[in-house]
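2 protein chains.
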Amino acid sequence: MTLETISKAKAFDGVQGVYRHQSVATNCEMTFAVFVPPQAKKQKCPALFYLSGLTCTHQNVMDKGEYRRMAAELGLIIVCPDTSPRGEDVADDADDWQLGKGAGFYLDATEAPWAAHYQMQTYVRDELYDLVLANFPIDPARVGVFGHSMGGHGALTLALKNPEKFKSCSAFAPIVNPSSCDWSTKALTAYLGEDKATWRNYDAVQLIEDGARYDTILVDQGSADGFLDDGLKPWLLQDACEKAGIDLTLNMREGYDHSYYFISSFMDDHLRWHVARLG
Amino acid sequence: MTLETISKAKAFDGVQGVYRHQSVATNCEMTFAVFVPPQAKKQKCPALFYLSGLTCTHQNVMDKGEYRRMAAELGLIIVCPDTSPRGEDVADDADDWQLGKGAGFYLDATEAPWAAHYQMQTYVRDELYDLVLANFPIDPARVGVFGHSMGGHGALTLALKNPEKFKSCSAFAPIVNPSSCDWSTKALTAYLGEDKATWRNYDAVQLIEDGARYDTILVDQGSADGFLDDGLKPWLLQDACEKAGIDLTLNMREGYDHSYYFISSFMDDHLRWHVARLG
Chain A
1 MTLETISKAK AFDGVQGVYR HQSVATNCEM TFAVFVPPQA KKQKCPALFY LSGLTCTHQN
61 VMDKGEYRRM AAELGLIIVC PDTSPRGEDV ADDADDWQLG KGAGFYLDAT EAPWAAHYQM
121 QTYVRDELYD LVLANFPIDP ARVGVFGHSM GGHGALTLAL KNPEKFKSCS AFAPIVNPSS
181 CDWSTKALTA YLGEDKATWR NYDAVQLIED GARYDTILVD QGSADGFLDD GLKPWLLQDA
241 CEKAGIDLTL NMREGYDHSY YFISSFMDDH LRWHVARLG
Chain B
1 MTLETISKAK AFDGVQGVYR HQSVATNCEM TFAVFVPPQA KKQKCPALFY LSGLTCTHQN
61 VMDKGEYRRM AAELGLIIVC PDTSPRGEDV ADDADDWQLG KGAGFYLDAT EAPWAAHYQM
121 QTYVRDELYD LVLANFPIDP ARVGVFGHSM GGHGALTLAL KNPEKFKSCS AFAPIVNPSS
181 CDWSTKALTA YLGEDKATWR NYDAVQLIED GARYDTILVD QGSADGFLDD GLKPWLLQDA
241 CEKAGIDLTL NMREGYDHSY YFISSFMDDH LRWHVARLG
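Residue numbers (UniProt numbering), protein chains in the order written: chain A, 1 to 279; chain B, 1 to 279.
Since the list gives no way to pick one copy over another, a pair counts as held whenever it fits inside one copy or between any two copies.
DSSO-like cross-link-like pairs, simulated, lysine-lysine; straight-line CA separation at most 30 Å:
#1 Lys8 to Lys233
#2 Lys161 to Lys44
#3 Lys64 to Lys41
#4 Lys42 to Lys64
No wet-lab data here; the hints were simulated from the structure.
Only chain A is shown next, with the shape it has when bound in the complex (with noise of 0.2 Å):
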C-alpha cells in the first residue's frame, strides 16, 4: 500500500497531514487528513475518526473545525477521510447535493452504477482503518469515532454495528434515521434499491431496533438548524436509545445552526469525551 503524502504542515506543535492512496474498496485514489500530536513522538495514541457530512471533502473540518488545539492538548490522532469514491469515471449526479459525489453515506452500494466505487463503508471500517493503523502511531485498542450531519449518520451506525473497532461515538447533529427523511430517501434507493428491508442496515434507529447496542453516544444538536425538524429529528434516537437501554446524552444547544461554527463551538467536548472513554 503506497501512500502519497500531499502536504504537511506543523500545527500547535503537531503535523497535520493529507495524504492519498489508491483504494480496493472504493477502486479509485482517496485523500484523506489526519493530524498527529506532539505526544506521537513518544507513544502510541488513541485515534478518532471524524466522518464529515454532505458536499465536504477531508477539507472541510480540517479547515474549520477547530480540533488541533484541543487535540494536541489531549494527546488525539484525528484521521478525516472523504465523503465519497472521486474521480471522472465514478458516478455522480451532478443536480442533487444529496446523491453521488460528496453524498457517499458511509454504505456499500449494491446498484449499479453506484457499486463499482460506492463502498464506503467497508472503505472506512476495513482498508482505511487498517491503512492508518500500520501507519500512524495509533493505540489500536483506542479508536473512537464520531462525524456530523451525514457523517454522525456513519459514526452512529458504524459504531453500533461494530463497537470492538470504535470504542468511543460522538456526533454533531447527526442524520439519525435516513430511512424517513426526504434527504436521503432518494441517495438509500439510488445505492441499496427499493427494499427497506436493506435499508435498516445503515440506520441507526433501525439498527437499534432491530437489537444493535452501544455504552453510551453523545449527540450535540443546535436548536435553529434548518434541517432539525425535517431531516435530523434527534428525538427519534432518543425514543430508540430509550427503549433499547442505551446511555445517550443529548445536548439541545440554543441558537446554534447546521455549520462548523456551531461544530468548532463543541468540539473541544467531544474531543474530551472521547478521551475520557478511550483512556
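Go by the hints and put chain B onto chain A.
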C-alpha cells in the same frame, strides 16, 4: 451609513457576522466580518482589527484563524476587513497576486488607475474604524490591531502612525520592510509611484528609522516559512526596534510555515497579549 448583514451565526456563545457597506474611501462595496463575544450583551468590549495577507478576503481568518474560542473567553470583539477594494470597475492585475485585488497593502494609492479605489489606509484607519465603533459595542479606548504577512505590515504601519487609535499591536510573519523585498516593490511602485521617499510612510522599518515610536510589539514568525529570507526578514524590524528603544518580542517558531496552521497555533497567545495591554 447603511450596514447590510450578509450572515450571522452563533459561535462560542457569541455571534460571527459578515457585513457589507458602500465605502466612501474605496468608492465600492466592502465586506467585512465581526465576531462579538457573549460579554458584549452586558458591556462594551475591547476590539482588535485583524488585517489579512495577500490573496485573502475577510473570510480566510474567519474560517481558519481559530480566534473565536479565546475571543469569547476574553470578551474580545474581532473585526476582519477585506484586503483591497472589490468590484468589476476596480483596477486589477489578474496575473499577479501581489498587485491589485487582494493586495491593497493598507496604503492610500496616489497613482492612476489605482488611486480611484485603493485607499485602504483611510478605509481601515478612519471609515471602517468609525463604522464599527458606531455599530458594535466596542470600548473606543481599547482598540488594537494585528495581522498576518501583508496584514502584519498593515498592523505595524497603522499602529506606528496611529498609536492613539490602535493601542496594542502584534503580527504573524509580517512584511516589515516592503520597500526592500521583491514581492512588494512592484505594488508600491504601481500604487505610489517611483519616488521611494513616499514609500517610507508605508514601511514599518523606515517609519521607525524616521522617528515613529510604539510602546511594545509582539511578532511571531515560523522558521520554516518559505518567505522568511526574501520577503519577511523580521531581523530588520528587530534591528530598527533595538536602535529606537521599542520593546519588540520576536518569537521564532521552529518548524512552522506561513499558513493558518501557524497562525491558529499562536492565535491564543496574541489575543491574550492584546487583552493584557488593552485592559
